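Take these sequences, add in the hints, and give me the full structure.
Protein chains in written order, with the working numbering: chain A, 852 to 1166; chain B, 12 to 372; chain C, 55 to 559.
Simulated from the structure, these hints should not be mistaken for laboratory data. Here the structure is a predicted model, which means the values were calculated and not measured. Each statement offered as a hint is correct.
Pair ranges (Cβ atoms, derived):
1. A:Thr-1151 to C:Gly-73: 33 to 41 Å
2. A:Phe-1125 to B:Leu-147: 28 to 36 Å
3. A:Val-1136 to C:Ser-420: 43 to 51 Å
4. B:Ser-48 to A:Leu-907: 24 to 32 Å
5. B:Leu-147 to A:Pro-1126: 26 to 34 Å
Chain C stretches covered by chain B per the calculated footprint, using a threshold of three residues with CB under 8 Å from any CB of chain B:
6. 369-383
7. 391-402
8. 405-418
Backbone N, C-alpha and C fix where the C-beta goes; we use that ideal spot for every residue, glycine too.
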Amino acid sequence: MVAIITNMLSMCIPFSVALLLASLGEMFNQRAGVFNLGCEGVMAMGAFVGMLIPFLAGKGGAVSQWYNVLGFGAAALLGALFGLFFGVITVTFRAPQGIAGIGLQMFGVGTAGTLFRHFVGGTQSIPGIPDVDIPLLSEIPLIGDIFFSHNVMAYLAYLFVPAAWYILFKTYWGLKIRAVGTNPRAADSMGINVSLTRYEALVVGGALAGLAGAYLSIAQAKMFSDTLISGRGFIAVALVYFGHWHPLQIMGGALLFTLAQTFQTIVQSMGISFPYELAVMLPYVLVIVVLSFTSRNQITAPSALGKPFNREIRT
Amino acid sequence: MTKSFRIAFKVSIIAVAAIAAILIASIILWMIGADVSDTFYVIIFEPLTNMLHISEVLIRAIPLCIIALGISVAYRSGIINIGAEGQMAMGLLAFTGVALAFPDVPRPLLLPLAMIAAMIGGGIWGFIPGILKAKLNVSELLSTVMLNYIAAQFYSLCLRTIYLDPAEQVYGTGTPQSMRLTENVWLGRITGRLHYGIIIAIVLAVLIFILMWKTTMGYKMRASGSGARAARYGGISVGFYLALSMAISGAFAGLAGGVELAGVHRRAIEGITNNYGFSGVVVALFGGLHPFGIIPASFLFGLLIYGSTLAPTMVGVPANIVQVMQGIIIIVIVTAQMVLSNAYFQDRVWRRYQALRKKEV
Amino acid sequence: MDNRIKSLSMEHITKRFPGVLASDDISINVGEGEVLALVGENGAGKTTLMNILMGLYQPDEGRILINGQSVKFRGPEDAFRAGLGMVHQTYMLVPNMTVTENVALGYRNTGKKRFDMKAVRQHIEEISGKYGLSVNPDAYIWQLSVGEQQKVELVKTLCLGARFLILDEPTSALTPQEVDELITLLHKMTDELSIIFISHKLQEVKALSNKVTILRHGKVVFSGNTNDYSSQEIAAKMTGHEIILPKNAGRREKGRCVLSVENAIVMSDRRIPALNGLSLDVREGEIVGLAGVSGNGQRELAEAINGLRRVESGRIVFFGKEISNLSPREIIDEGMGYIPEERNTEGIVPPFSIKENFILKDVSSSTFSSKGFVNGGRIDSAAERLVKRFDIRCPGIETAAGSLSGGNIQKVILAREIERKPKFLVAVYPTRGLDMGAVEFIHSELLKIRESGIGILLISEELDEIMNLSDRIAVIYKGVIQKILDKNEATRERLGILMAGVKEE
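This is how it looks when you write it as structure tokens:
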């Protein structure tokens, strides 16, 4: 029993990384006032490109870790490009963000699937990235397995949480992001380029979503498939609401949802006869329940969220 | 500003939008080394070359049309329903349930009963995000997507368990599907696989037109969607109409499932929803959220969807390309709409145009 | 480096918006230490002109000169660098940030390379000490009152190095006493600064400015020295013709009480009490004006009366029937009329046509529908009649209401409410942002309603409007009625003191 629980908890951190990165990216978008529902599509593209590079380099066999690094880099870059594209649509042309995000999601998922069939074909696995035990700390019983025996990206992602907090609340860039997401007109009158700032946030958010996707394909699943993302992008968006646009609370949310996702694994490993489908449903149900409790009276929400800015139109 | 300029402005924006969409799709096709023009030909014109193809296009247009009609009702009431996929699945389950439970009830009774069950199944699945939005302000974009995943799992679960074809249990091939449904719930066929669902779709389009523009209920739904605050101040209970519109929207998606099942598959299998729920969003937008625009739009997208199934064998292009195109089309439509409604931009273009003309004189 | 602004002029500025010529060949000039009052009706183009000066809008024609040198501002950052600073009418502050953070937003414009919150904080304390503008650098904006926010705006502008101040209607949300303070402060500042200020209140123009420029429909119609002209002369030039706003001259027998609010407690959006046990009676055939600095519970009171906001405790009684926490529909059916605060989002459905907006509250009535189907013919003929009767300027009844001017939108709302033959009317800021012609029309309509024996609760921040129209004036402060005055007891000064929360003995 202890072994099962330790096992489950030790899966929590590595399995939560994709959600965490994507949510933090979405947090930057929303803090700047842009609701990017295309996250799912960007993750799909990141996941595809991320696995494509090590796959092509090694034809499925072992490759130098540098190709994985290159995979992550390419995924981040592609994600950033998608962020830029979404900026053109929603910031420059001021298209309604919700439905445009759905378009981006379909485009991303569709393109990833199309390219995957052409360049890879069927299910092909890649070696992925190894776990790194942190000296001494990983020796501690239980704690070591749960916290200090994961892959490099997992450590980096969790180190990024305080960094994101610092960026958002202690730097000028963070100040600008928060200002354009709350009162863009005020930011504008202070000489801040609202559109540019939103573009910047979208690029950063897109890069993080791309990384999140690549993490899924390179580090977690070690392969790509059409159903690899299966709603994680949307859950990431929901997590931002759940975490009240705050990095630490978002981290808590990511862990909670991952726990729900690992539920199916425990069920199987404990040999309880419980329909597999119901276990898979759990995180999705959880999203709805959580949103039901947190969506009302969102005082902390960036007040310009979802509203395009136009200097010449007074509201 | 002259009228001819206004028309020219509109036409050129639409042209630019169309070119942009084709260009982006071409880039993707070029990346996978496909022959771009051949691919477009196969997807858009090949399905029109013979009657068999055309009937296949129409078969796909039927669920698209019904789903898009529902989505347009919700959209006009101020709520974006991207949960038609799940609502359709719930409709399929309800329809199958009735058909399996009462195989001996005569057709004139059973068919409508099963269809109503499908509407209720989808309607409930649409009502949930509607009421969550109205009462608790839950983003319908997120809740409907989540309900899609939940419905998909639930659908598989049912096919594997309570609906599983007894024959499968005997032979143990393990294909999750129901037995062939009783003939009493079949929709008749006109030619080939084309069934009478097409009439249902057209009748529903007319009904939606009357509902939205000729009744007080439609007025109130549109008011809630166009100016929720003002509608509330005007004594319209916006939340009620939001939830109602989603229930209608879901019922239509459920009905689309019932029609698809009764007309085409006649047994519940995996993959019936076929992304129609998402394509329906594109159709609704492309049809201008108007029933008489949705009818031709659903034909067009039926064409694209069927065309894309021909693409893998004929030009070696994966069928996913249709999803790519739909994504681009949504983006291009909403972007072009914003540009068209941007009076400032139009004004600027007009003045630049005038300045140019002055120079020429 | 001599960075003083000895003279600033805008020459032949023209700016077009779709369908509007917002600035039409405007020229102004301000010398060192001068105060120019930019005067004109709402919609005359004052704010647009100043936004052009700050680089927020680009002029289509014309140029800006500082010390005789032509300058081009691509954005506010260029204007800041040149030493200009503007306090906008709606304050440009981010509510969930502190004062320091708000000022720090503009630190790039002061030429500093490093982002240093401590230095910004110090700078704020320096400036606020120097000018006697006390602000707490660590307070969040949303915690501050309107008057305090204005101080923050001034400090912010000065911190960014402004040597030339532009103030857009700086007094519109202040009590008369706060206005006096501000004028004294600005007088002191003219030792070092030049000022342009926008106003349509002539007392302030006379008190503060040396020069006055009057705009009408985007054109300069007059420029001159303030001292050479009387307020009346300036007023006449401002409107172009003598508009004398109608006054409530009627005397009425005391009618019965039709609306009474008893000890109402109502929450604001931030879940803190906005009405703290407010009580108020309105009788039939009288106008009760509710005076107060905005944000003291006016919006919440109007919404609570109309069923749009929960009444936590207390009662609202309407013609003898308790209506608190009934639905908006039920209250409308009781005969309540309502002109809401935000005419564009609360009063009309913008994409709907004028005729569709007329029936917003009555689409299900037997006049406009039968058995759930709308009666298009009846709606059209009623709409045609109303457009004529209320002189709504529009291409036709199919025009989208959102595309009309503010005055015409307000007429659409007024027409709808009057046509419904209400038993009572709540009018919130009914003339905000309208030109004098529209104001006159709406005032005389309100008086007509009063004459027909209907009670009106008039909520406004324009003291003139309230004093002209009301039979009685209630002053609201922090969610309670400070005092109710009869119209002949009310003076600006007395109302001002009450609005500031000072209790009378």
